[in-house]
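S.K.: Single-letter residue listing:
There are 6 protein chains.
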Amino acid sequence: MVVKIGIIKSGNIGTSPVIDLILDERADRPNIDVRLVGSGAKMNPEQVEEVAPKIADFDPDFCIFISPNPGAPGPAKAREILSAADKPAIIIGDAPGARVADEMDEQGLGYIIVNADPMIGARRELLDPTEMASFNSDIIKVLAATGAYRLIQKTIGEIIAAVEAGEEVELPKLKITAEKAVEAGEFTNPYAKAKAYAAYEIASKVADLDVKGCFMVQDSEKYIPIVAAAHEMASTAAKLAVEAREIEKANDTLCRTPHMGDGCIGNKCVLMEKPEK
Amino acid sequence: MVVKIGIIKSGNIGTSPVIDLILDERADRPNIDVRLVGSGAKMNPEQVEEVAPKIADFDPDFCIFISPNPGAPGPAKAREILSAADKPAIIIGDAPGARVADEMDEQGLGYIIVNADPMIGARRELLDPTEMASFNSDIIKVLAATGAYRLIQKTIGEIIAAVEAGEEVELPKLKITAEKAVEAGEFTNPYAKAKAYAAYEIASKVADLDVKGCFMVQDSEKYIPIVAAAHEMASTAAKLAVEAREIEKANDTLCRTPHMGDGCIGNKCVLMEKPEK
Amino acid sequence: MVVKIGIIKSGNIGTSPVIDLILDERADRPNIDVRLVGSGAKMNPEQVEEVAPKIADFDPDFCIFISPNPGAPGPAKAREILSAADKPAIIIGDAPGARVADEMDEQGLGYIIVNADPMIGARRELLDPTEMASFNSDIIKVLAATGAYRLIQKTIGEIIAAVEAGEEVELPKLKITAEKAVEAGEFTNPYAKAKAYAAYEIASKVADLDVKGCFMVQDSEKYIPIVAAAHEMASTAAKLAVEAREIEKANDTLCRTPHMGDGCIGNKCVLMEKPEK
Amino acid sequence: MVVKIGIIKSGNIGTSPVIDLILDERADRPNIDVRLVGSGAKMNPEQVEEVAPKIADFDPDFCIFISPNPGAPGPAKAREILSAADKPAIIIGDAPGARVADEMDEQGLGYIIVNADPMIGARRELLDPTEMASFNSDIIKVLAATGAYRLIQKTIGEIIAAVEAGEEVELPKLKITAEKAVEAGEFTNPYAKAKAYAAYEIASKVADLDVKGCFMVQDSEKYIPIVAAAHEMASTAAKLAVEAREIEKANDTLCRTPHMGDGCIGNKCVLMEKPEK
Amino acid sequence: MVVKIGIIKSGNIGTSPVIDLILDERADRPNIDVRLVGSGAKMNPEQVEEVAPKIADFDPDFCIFISPNPGAPGPAKAREILSAADKPAIIIGDAPGARVADEMDEQGLGYIIVNADPMIGARRELLDPTEMASFNSDIIKVLAATGAYRLIQKTIGEIIAAVEAGEEVELPKLKITAEKAVEAGEFTNPYAKAKAYAAYEIASKVADLDVKGCFMVQDSEKYIPIVAAAHEMASTAAKLAVEAREIEKANDTLCRTPHMGDGCIGNKCVLMEKPEK
Amino acid sequence: MVVKIGIIKSGNIGTSPVIDLILDERADRPNIDVRLVGSGAKMNPEQVEEVAPKIADFDPDFCIFISPNPGAPGPAKAREILSAADKPAIIIGDAPGARVADEMDEQGLGYIIVNADPMIGARRELLDPTEMASFNSDIIKVLAATGAYRLIQKTIGEIIAAVEAGEEVELPKLKITAEKAVEAGEFTNPYAKAKAYAAYEIASKVADLDVKGCFMVQDSEKYIPIVAAAHEMASTAAKLAVEAREIEKANDTLCRTPHMGDGCIGNKCVLMEKPEK
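Residue numbers (the working numbering), protein chains in the order written: chain F, 373 to 649; chain L, 373 to 649; chain Z, 373 to 649; chain C, 373 to 649; chain Y, 373 to 649; chain E, 373 to 649.
The set of hints was computed from the structure by calculation and includes no laboratory data. Check the hints yourself; a few may be wrong.
Which copy is meant is left open, so a pair is good if it fits within one copy or across any two.
Straight-line alpha carbon distances no greater than 30 Å define the calculated DSS-like cross-link-like pairs of lysine-lysine that follow [what the hints assert, rightly or not]:
| id | residue 1 | residue 2 |
| --- | --- | --- |
| 1 | LYS594 | LYS646 |
| 2 | LYS449 | LYS594 |
| 3 | LYS426 | LYS646 |
| 4 | LYS459 | LYS426 |
| 5 | LYS640 | LYS594 |
| 6 | LYS376 | LYS594 |
Turn these sequences into a full structure, and let the hints guide you.
M.R.: Take a look at the structure:
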């Protein structure tokens with residue numbers, strides 16, 4: 373059986389660019405097929421209302437809606453639409469989403485809140501397309517190297533397995549903290565784990581500065597250094613996450629969890645060996 | 373007027389995750405609206421045939437199809453579909469796409485070939501979702517910091533401007549070489565430019581190793597080091613690209629090209645100053 | 373006139389090791405003389421009660437009491453003693469001290485709260501003398517390179533000047549935030565400033581993890597990674613602070629504020645030039 | 373029994389800021405209590421004469437006097453005072469102290485000479501409070517990571533144990549060379565040991581440049597580069613010492629010697645394990 | 373028996389400065405003696421004709437001619453001279469030499485082609501003696517750390533052994549690819565091997581840029597960034613090669629192949645142990 | 373006129389591999405021609421006696437003899453031979469050569485002593501061909517980036533100019549200290565200069581450890597860490613020298629002194645500009 377996964381992307385968080393790829397990293401997983409609709413950078417109710425229903429055209433077995441702040445008006449609209457539909461649906465969002473966790477629960481929606489997926493420094497003096505991409509690169513590096521993406525891989529993998537097995541889907545209620553991320557990271561060296569933990573925590577704090585710089589301070593002399601500092605923190609977090617990964621590589625203990633020939637998740641540590649189920 | 377841009381993503385290259393975001397980095401550009409459809413990691417004809425026509429539902433002013441190797445069967449199908457449609461369309465792809473440049477020309481399609489957007493090391497022993505995301509992070513960093521994304525921003529910006537002005541769209545025929553990327557990078561320091569150039573060239577060579585490791589060598593004892601080396605090259609290219617950007621930052625000459633209040637592209641160098649048109 | 377400064381140290385924060393040296397970095401400042409008493413690492417009421425009154429033996433013009441958490445029992449005792457004495461007195465402490473700011477105000481005490489001077493990871497599995505010193509090295513680097521120490525230098529410098537001039541001492545009520553630290557840092561390059569700001573913020577968050585690891589989590593399997601992560605954050609903050617300083621060095625714009633021949637604070641940027649008043 | 377340790381600090385070397393903390397890194401060692409008196413940055417006979425006798429007020433079991441150059445007039449005065457007193461006393465100083473080793477021996481004083489604790493670049497064009505603190509940070513890092521502080525911990529620990537046991541104190545006659553420091557560092561990896569050794573040697577040479585730049589060259593065009601170079605050497609030594617420590621961390625073999633519940637010195641290598649006696 | 377080796381150097385490649393030293397790294401190998409003649413940086417036929425025959429004065433058992441591009445006129449002349457002589461001779465050259473491999477074979481000459489020994493950026497705006505030496509430093513680092521020099525050591529070692537044993541010399545026909553270099557590198561850690569492989573590949577691509585910048589582009593505005601980029605690539609390759617070596621050091625598995633007391637090649641990994649045959 | 377330079381190399385120091393190349397970095401200098409003879413790694417009297425006289429066959433205008441320790445027996449023999457010959461001759465050696473400076477003066481020989489060109493760690497447990505080349509790479513980097521090679525270039529350049537002009541040659545009596553090296557380095561940024569100075573000083577100290585490890589300590593448990601530490605110092609010095617160079621590059625002030633079209637030495641700073649005489 374091929375499980376069909378419908379993904380709706382509105383606006384962007386660090387998990388958005390890779391959420392579909394995480395499920396099928398070599399494009400050869402036999403048991404899933406992904407369909408995407410999206411509204412690019414914008415995530416207002418008008419965009420969401422136009423794109424979210426479209427996913428139904430692809431008749432997915434379950435849906436994922438991913439955006440910044442699940443509590444914002446656009447994502448709220450998406451939650452409404454998906455809650456009303458008859459397919460299992462999961463909301464993936466950043467830390468502010470925790471505020472509507474109970475609400476999502478009541479709406480019958482699963483959720484994954486990625487704490488270290490911070491708001492960008494959306495001030496024109498700092499943020500051009502190049503800076504935006506560079507920032508996303510840093511956050512992707514943090515979320516990859518710390519284990520956060522692996523936890524998402526496994527969480528969604530369980531849904532896929534349930535659908536495949538014809539079982540009822542248990543929707544995730546997951547807030548990815550540093551503890552949970554680095555546990556999924558399966559570090560062998562404790563200092564690598566500590567570095568990953570620290571990287572995740574630093575990335576988690578980036579949003580504090582960006583919220584301050586974008587919404588709370590209006591004088592450009594003051595907010596530019598703040599949002600620039602936030603991006604420096606993101607870049608530093610990325611470097612630290614890479615350090616963690618390099619330690620595991622130096623010990624040839626880097627955990628890898630590729631999808632296997634039958635679509636399930638394998639596991640391996642020693643680079644020259646094959647993964648096992 | 374709001375220009376509606378339809379983007380179809382099948383499979384993934386380093387430009388895919390950010391192509392829509394590049395056009396509207398702060399989600400506040402007033403004169404465009406983006407709609408996406410996609411098929412996730414897979415890019416076979418069957419996926420492409422299902423998703424590509426769907427973009428028409430959003431009635432875009434022009435379309436972008438982005439995937440690896442525009443000459444592969446899936447993308448070939450997409451080109452066929454888009455060529456037959458009556459909207460301007462652009463194909464964005466990686467270096468192997470250069471082989472079908474003339475064909476795209478004959479099909480009435482524009483194209484952007486990103487030389488330094490290399491094939492990934494798609495061997496199960498190396499490539500799990502974490503490694504995949506980490507590799508994409510590196511390539512995004514290279515393409516951002518060298519200037520390649522800015523060149524894409526400007527190239528598509530010209531199409532948007534033409535549509536907005538009611539003029540005929542001149543479709544791009546662009547192969548992004550190191551020279552062109554770093555020219556768009558607008559480096560002030562010549563060594564920063566040289567480092568960016570070198571980073572772009574190194575990234576361009578990653579594909580050679582990955583093609584060798586994925587298709588030409590079948591013994592895992594031999595191909596694992598090759599694809600692992602390719603990823604080390606990508607990571608090194610990213611570091612070098614960052615070095616280039618850091619030099620410009622240290623001189624406070626980093627070029628930024630944010631979209632302005634009216635949607636056109638601004639320009640600035642000094643961090644504490646406002647961008648100008 | 374030689375202003376005599378009495379300093380009492382109980383317990384240790386990152387500012388403690390250098391507080392006296394900051395005032396007289398080359399040991400040749402003609403207009404001050406410093407006397408210290410202290411109780412080493414311990415800061416319980418019994419130690420404080422024994423050492424704090426001793427400073428009076430040196431007949432200082434004003435006093436500084438420096439310790440972790442000014443609200444803790446030992447420092448509370450010190451505040452009581454100093455408040456009752458007839459000499460101007462300043463409390464220097466870390467972020468938890470902000471909770472007793474009003475109280476210090478009422479006690480007629482000045483205060484300097486150093487936000488980025490975090491609690492150490494005081495778990496035996498992590499913290500031996502070597503790790504302790506290494507952590508202090510990192511915090512000292514952050515507080516030096518971001519500008520926090522310079523702000524302390526200037527703040528106490530004003531008290532010295534007032535005493536020297538026979539004026540009434542205006543006691544400082546200073547919470548050193550990232551903004552205030554980097555302002556004192558007098559960075560010329562805005563990215564250096566942003567890096568310093570980020571370093572200060574990261575250091576400020578170290579305490580969150582250390583408090584969690586030391587007081588809130590009791591399972592060593594869980595708290596060791598947390599306190600180890602806190603120390604990785606401190607180390608990363610130090611590296612980032614150094615980056616900021618190196619940028620200013622590369623531009624030959626590094627601000628220096630040495631004490632001049634007459635004891636006042638000079639200022640200079642260009643390394644090969646003399647400082648000026 | 374609680375051993376009471378009296379420490380007198382006059383002037384500053386890289387060991388001064390942490391000498392008391394090294395003995396009680398978590399402020400919970402049950403069997404010692406420390407009292408400090410000091411004269412800040414200055415170390416002239418007049419300061420020493422005032423502060424040194426004061427330590428007696430605390431009735432210490434033994435005393436430590438720490439300062440630069442034990443042969444200088446102020447420290448000479450301190451040696452005289454301590455020699456005349458009836459408590460065991462130890463002088464801690466930097467490399468020039470070796471010249472009065474025999475003299476100290478005759479005075480019945482123990483001594484610890486820290487070869488890699490160099491004179492600072494005390495020229496006003498370079499040395500402001502920020503540079504001073506930054507330099508101390510580097511030296512503290514070198515002395516911590518190479519093992520020098522551990523050797524001091526153990527050396528003074530033996531005195532404490534002797535006092536505690538009511539035995540006669542054997543005063544140390546210790547010159548901390550690179551060999552002795554890295555032996556105390558207990559490196560498992562031989563390259564880490566070599567890096568630590570090299571870091572210690574580089575730090576040992578810093579003083580040569582600082583002495584030249586401070587005392588032997590009078591033209592500021594010439595001495596500024598020399599003292600600036602000395603500080604670059606210190607910074608480089610710190611980086612190399614960190615490299616050594618990071619290797620041990622990557623192998624999870626980093627030696628730690630925390631004080632145990634009963635105050636004796638424990639030992640551990642594996643981060644997640646408890647220390648043992 | 374002492375094997376006498378005659379080496380002729382004309383012009384310079386990254387292997388030239390150390391080719392003789394590689395055979396006798398501690399100057400104590402008992403069974404060889406080396407004689408050199410050379411023409412410095414120049415390698416035109418007139419220089420080669422004067423120096424090449426001179427090597428015969430030393431009556432060597434076999435000869436090595438090392439230069440850039442064995443197909444160029446000067447080296448062609450050298451091949452002619454050596455082919456006509458009655459001693460075994462080997463040509464060592466860079467990648468362009470592969471084009472005359474068959475020719476060398478027909479001439480009865482052995483050869484070693486070092487793929488990653490690239491042409492320098494010989495443009496006056498970039499290349500002064502300092503830049504030249506710095507570039508050579510980088511290439512030497514790459515060729516050393518990846519294993520290329522060890523492969524040359526072993527290859528020539530076999531010739532020496534044959535001469536010593538009175539056997540007929542089997543002339544090498546060796547093209548040093550990344551695969552062959554890292555095999556000789558004997559890396560234990562697979563990521564170290566991958567980094568070395570990547571470093572070798574990057575160095576191999578340097579020549580592409582330098583050929584373009586030196587011969588194919590004539591506008592200095594264009595060629596300066598190209599040759600500067602080539603040197604940045606070389607520098608980056610060196611850093612990556614060092615990373616590989618540092619990993620092996622951190623694991624204490626760094627392979628070393630010193631010449632033993634009898635002149636044969638030993639082998640060791642653990643630093644503190646003796647090499648074995 | 374073409375000045376013919378005869379160079380004799382016996383044994384190796386860090387200057388040896390590039391001494392001839394420094395004079396003609398692009399192999400196109402019209403007014404010199406170089407001839408080399410050498411004895412490889414060995415430098416005993418028997419080798420020197422065989423090779424040194426051979427240089428006369430090329431009829432050079434002046435001669436350079438380069439080796440470690442000019443006072444050792446082999447080099448002493450070379451000095452004797454060159455002193456007896458009727459051509460101007462210069463000895464280039466490392467720091468121990470300073471001990472025979474007067475003697476060389478009496479022999480009518482010029483000399484260049486390169487203080488930072490240290491003895492290698494010639495212990496079999498450490499030094500194989502790979503380590504040897506790697507060490508030389510580091511030393512070459514230090515001597516290039518600090519300015520030492522430029523000073524040699526200029527010093528020999530003056531001899532060439534004198535010969536060319538038919539003037540009497542004034543033989544150099546040059547000891548390259550850190551001061552002289554960095555003066556030739558022509559750094560614009562004072563911190564770059566300080567880093568270069570520090571790098572040169574660190575390299576100068578490498579020999580102390582290598583002499584100790586090779587000649588004064590006989591227990592391999594002790595001498596291996598010492599010689600390994602010496603090589604770490606060399607590697608650190610190289611990194612610091614590179615930092616200095618990178619600062620000048622970041623400011624586009626890197627001094628370059630290429631040989632011009634007529635063979636004289638040009639000068640330039642701005643990368644994109646032509647050098648001037």
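S.K.: All hints are to be evaluated individually against the structure, with a verdict given for each.
M.R.: Checked hints:
1. Proximity of LYS594 to LYS646 under the C-alpha cut-off of 30 Å is restricted to the inter-copy arrangement: shortest distance 13 Å between copies versus 53 Å within a copy.
2. Taking identical chains as interchangeable, the C-alpha atoms of LYS449 and LYS594 are never at most 30 Å apart, the minima being 34 Å within one chain and 39 Å between chains.
3. Taking the shortest alpha-carbon separations for LYS426 and LYS646, neither the intra-copy value of 40 Å nor the inter-copy value of 40 Å comes in at or below 30 Å.
4. Proximity of LYS459 and LYS426 under a CA criterion of 30 Å is satisfied in both settings, with 14 Å inside one chain copy and 21 Å between copies.
5. Only between protomers do LYS640 and LYS594 lie at most 30 Å apart by alpha-carbon distance; the minimum there is 18 Å, versus 48 Å within a single protomer.
6. Taking the closest pair of Cα atoms, LYS376 and LYS594 never come within 30 Å of each other, the shortest separation being 48 Å inside a single copy and 36 Å across copies.
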